[in-house]
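Build out the structure end to end from the sequences listed, making use of the hints.
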Amino acid sequence: MNSEPRRKEPVEPLDETALVVAAQGGDEAAFAAIVGRYQRSVYRVAYGLTRSSSDADDLAQETFVRAWQALGRFRVGEPLHPWLNRICVNLAYSLFRHRRRRPETSIEPLVEAGQQWAASDDPQAEAAERESTSQLEAALAELSSEHQAVLVLRAVEDLSYDEIAQTLNVPIGTVMSRLSRARAELKARLRARTGETE
Amino acid sequence: MKHLDETELSALLDGALEDRARADAERHLAGCATCRAGLTALEVQHRSLALMLKHDPGAAYFETFAARVRDRIQTEGVTMDPVPARADAAADRGGPARPIHAPARDSLLERLGRWFTGPRLAWAGAAVAMIVGAGVVFLVDNEPPVRTLEDRTLAARARQVAERTPAPAATMAAPEPGARATRGATGSVTPSPQKERAESRAFAPPPPATASDARESAVAQKELATALDATSQVGTASPLAPATPSGPAAKPQAGALPGRSRQVQRENGEDVPVQVPGETPPGTNAPLPANRADANVSKAQRIKGQARTIAGGPLDAARKTGDSSQSGAPGTTAFTSTLAGEVRVCGEVKDVNGRAIEGARVALADMGSSTTTDKAGRWCLVTPPGEHTVTVMAVGFREMRRSFGVTPAAGNQDFTLAAVSVLGQAADESDAAPPAWPPAARGIASAAERASRDAEYRNTASAHDSAATRWQKVTEVVKIGPSSHTARLRLAEARYRAWQIDPSPERSTLAMAALSSYLGVAPSGPERERAQRSLEQLQRR
Numbered sequence: 009m010n011s012e013p014r015r016k017e018p019v020e021p022l023d024e025t026a027l028v029v030a031a032q033g034g035d036e037a038a039f040a041a042i043v044g045r046y047q048r049s050v051y052r053v054a055y056g057l058t059r060s061s062s063d064a065d066d067l068a069q070e071t072f073v074r075a076w077q078a079l080g081r082f083r084v085g086e087p088l089h090p091w092l093n094r095i096c097v098n099l100a101y102s103l104f105r106h107r108r109r110r111p112e113t114s115i116e117p118l119v120e121a122g123q124q125w126a127a128s129d130d131p132q133a134e135a136a137e138r139e140s141t142s143q144l145e146a147a148l149a150e151l152s153s154e155h156q157a158v159l160v161l162r163a164v165e166d167l168s169y170d171e172i173a174q175t176l177n178v179p180i181g182t183v184m185s186r187l188s189r190a191r192a193e194l195k196a197r198l199r200a201r202t203g204e205t206e
Numbered sequence: 090m091k092h093l094d095e096t097e098l099s100a101l102l103d104g105a106l107e108d109r110a111r112a113d114a115e116r117h118l119a120g121c122a123t124c125r126a127g128l129t130a131l132e133v134q135h136r137s138l139a140l141m142l143k144h145d146p147g148a149a150y151f152e153t154f155a156a157r158v159r160d161r162i163q164t165e166g167v168t169m170d171p172v173p174a175r176a177d178a179a180a181d182r183g184g185p186a187r188p189i190h191a192p193a194r195d196s197l198l199e200r201l202g203r204w205f206t207g208p209r210l211a212w213a214g215a216a217v218a219m220i221v222g223a224g225v226v227f228l229v230d231n232e233p234p235v236r237t238l239e240d241r242t243l244a245a246r247a248r249q250v251a252e253r254t255p256a257p258a259a260t261m262a263a264p265e266p267g268a269r270a271t272r273g274a275t276g277s278v279t280p281s282p283q284k285e286r287a288e289s290r291a292f293a294p295p296p297p298a299t300a301s302d303a304r305e306s307a308v309a310q311k312e313l314a315t316a317l318d319a320t321s322q323v324g325t326a327s328p329l330a331p332a333t334p335s336g337p338a339a340k341p342q343a344g345a346l347p348g349r350s351r352q353v354q355r356e357n358g359e360d361v362p363v364q365v366p367g368e369t370p371p372g373t374n375a376p377l378p379a380n381r382a383d384a385n386v387s388k389a390q391r392i393k394g395q396a397r398t399i400a401g402g403p404l405d406a407a408r409k410t411g412d413s414s415q416s417g418a419p420g421t422t423a424f425t426s427t428l429a430g431e432v433r434v435c436g437e438v439k440d441v442n443g444r445a446i447e448g449a450r451v452a453l454a455d456m457g458s459s460t461t462t463d464k465a466g467r468w469c470l471v472t473p474p475g476e477h478t479v480t481v482m483a484v485g486f487r488e489m490r491r492s493f494g495v496t497p498a499a500g501n502q503d504f505t506l507a508a509v510s511v512l513g514q515a516a517d518e519s520d521a522a523p524p525a526w527p528p529a530a531r532g533i534a535s536a537a538e539r540a541s542r543d544a545e546y547r548n549t550a551s552a553h554d555s556a557a558t559r560w561q562k563v564t565e566v567v568k569i570g571p572s573s574h575t576a577r578l579r580l581a582e583a584r585y586r587a588w589q590i591d592p593s594p595e596r597s598t599l600a601m602a603a604l605s606s607y608l609g610v611a612p613s614g615p616e617r618e619r620a621q622r623s624l625e626q627l628q629r630r
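Protein chains in written order, with the working numbering: chain C, 9 to 206; chain A, 90 to 630.
Simulated from the structure, these hints should not be mistaken for laboratory data.
Beta carbons: idealized from backbone N, C-alpha and C, even for Gly.
Hints should not be assumed to be uniformly reliable.
Selected chain A positions facing chain C (Cβ under 7 Å, derived; list incomplete) [unchecked claim]:
| # | residue |
| --- | --- |
| 1 | Met141 |
| 2 | Leu142 |
| 3 | His144 |
| 4 | Asp170 |
| 5 | Thr558 |
No farther apart than 30 Å at their CA atoms in a straight line, the calculated lysine-lysine pairs in the DSBU-like style are these [as the list claims (entries may be wrong)]:
| # | chain 1 | residue 1 | chain 2 | residue 2 |
| --- | --- | --- | --- | --- |
| 6 | C | Lys195 | A | Lys91 |
| 7 | A | Lys439 | A | Lys464 |
| 8 | C | Lys195 | A | Lys568 |
| 9 | A | Lys143 | A | Lys568 |
| 10 | A | Lys143 | C | Lys195 |
Chain A regions said to be covered by chain C (calculated; three or more residues, Cβ under 8 Å) [said to hold, decoys possible]:
| # | stretch |
| --- | --- |
| 11 | 129-136 |
| 12 | 159-165 |
| 13 | 615-628 |
Set out below in structure tokens:
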């Protein structure tokens, strides 16, 4: 429970710096290596924010396109991971604003392609689980974009408060309070949906 | 007793409390069932959230991801923004004064940069805006009307469709709702959201803007013809060879990318790329002409059993006569022969009034081959015998798909397309009505259809991967009923095509999973049998 947040894709800072410098010099192979290194992470964040595989695909690609565009302004030596995640989150905010609504709902995420059609040993339990997931997703979609983002970065990427602070460009104290409020609100929305009481 | 508040519980859950605060909180927890329950509830919620948001599109998706990003960067012409001068900050970090690619600015520029600050910058901006605005007005007023082959084709199609429906011809040619506005298209379309913008940038290559570009385009066409000659001399043309002989696709287009053999034609109100032999996908480095022919040959050899034509066929005739609109006519320029075991399939495409539809795209999606109909609406493709799916698309008409068994004795495959009204509804639902998607899935199904069409034109594994990703989303939304069967079938097709073009263990696994998923619900019929055979083929590999 109290284990230290783990970084899922450990990077070697020296290599990363060299890649950034090379990519800033126009080396497409270096940029492709950067993409390869962080594509899964960015996709996970994009999917967590949109809960839609096609939107996540668009968002993840757009993140790297924007990263390439802005790479010249990136400060060499700083970590890329929070910077890329910040681009992704900001693009998601723009997407939400553009649509004037929350991310699409009622998408049941799949752990693996094709798994959705696997036969279930216990259809009743599966139906209950599906309903529970659907309620949770609907409740999440009701939260503000900022609350969704902080929850996604913590739950999906397992980022530490410091890393989330870097990504969202806010103080650590703000991360702590925002995460707490987001969790409390999610719980309240979920209870309102399911009719549970304290 | 003072209970732990939400912030403390949340930070405790994440291991973010300072040592002393954590020790205090844990001491409290040991004696407080209420707070323990609160912490447990938070943890359950956190884990449920993590599980719900977990999604892996598969290794195949990520294998091609970087290439897709590179394609977008190249296609959209995205360049790195200029770097602001910050030599002092860089020096503080011990790093280079500025990135390698950024040339050092001369002192004049720096002085100009310093001069343009504050009110001066605002005035300069206003002046530039006025000049640019005046320039745009001047250009718009003086721009000659665009008269391209596509426009004429589109206008003819609009007239044909307009005769079926009461809507004015000018609006009939407008794209379906959701389609983006394109240069030269009639009617007006409101640009759709970011996704549409991205697709627009990806699909619509910029036309040659200068005489130099036009010359480059002409050179590219000549190179392409050379490559095709080399290909047909060895008797094994690109599987896509029948796509080029007839219709507007065979002529140099105003929309062709400079230096590339890429062409576009109007489809459903959109400029879509037309795959031609020797073409490389967007964003890849175009090989030299000599290599292009080799690439065609190796590609044709690699993809077994693909439909093909041979030297002396309509492609050859098209180049010799120089009249692509006539030479590809299956009725007038028949294939001189077919390779052993292959069958020539022909047919006609007409509207519901029995009038021929010229320039309709006819594709054997599972074979990766396509062609366009001639003036009489006729088409022919050469393909190995077996079950195949034909897709027919034409501007102003609804797409139609049909699976059938190809045998030497098979008769003509004729299609009657229903017109699409201004509102995107079928003017005539009597034939070829697509599956009725539930309201929640219409948008994503439409996007998936576009992705599949794009994949058929580009004929790359990554394009089919992308289409599969979109169909998968449709299957996630549509879980029951005939439309669910259709969505699963389309997903399986996309997965299978990606595997056919660029086999890998991941794609094989995904294709088998998708085919199994479809077969789990598929009604009996040729589609099911075809899926079963595809699955068996995958399992044998």
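Structure-based check of each hint:
For methionine 141/A, the interface hint holds, since its Cβ comes within 7 Å of a Cβ in chain C; the closest pair sits about 5 Å apart. The beta carbon of leucine 142/A is positioned within 7 Å of a beta carbon in chain C (closest approach about 4 Å), and the interface hint is therefore held. A least Cβ separation of about 5 Å between histidine 144/A and chain C falls short of the 7 Å threshold, and the interface hint therefore holds. Taking 7 Å as the C-beta contact cut-off toward chain C, the hint placing aspartate 170/A at the interface holds, the least distance being around 5 Å.
The closest approach between the C-beta of threonine 558/A and any C-beta of chain C is roughly 5 Å, which is under the 7 Å cut-off, so the hint is satisfied. Straight-line distance between C-alpha atoms of lysine 195/C and lysine 91/A comes to about 22 Å, which keeps the hinted pair within the 30 Å bound. Straight-line distance between C-alpha atoms of lysine 439/A and lysine 464/A comes to about 11 Å, which keeps the hinted pair within the 30 Å bound. For the proposed pair lysine 195/C and lysine 568/A, the alpha carbon gap of about 29 Å is at most 30 Å, so the pair holds.
Under the criterion of a C-alpha separation no larger than 30 Å, the hint pairing lysine 143/A with lysine 568/A is consistent with the structure, at around 20 Å. As the CA atoms of lysine 143/A and lysine 195/C are separated by approximately 20 Å, the hinted pair is consistent with the 30 Å bound. Requiring three or more residues with a Cβ within less than 8 Å of a Cβ of chain C, the coverage given for the stretch 129-136 of chain A holds, as 5 such residues are present. Given a C-beta distance limit of less than 8 Å, the hint that chain C covers the stretch 159-165 of chain A holds, as 4 residues qualify and 3 suffice.
With a cut-off of 8 Å between beta carbons, the stretch 615-628 of chain A has 0 residues touching chain C; three or more are needed, and the interface restraint is violated.
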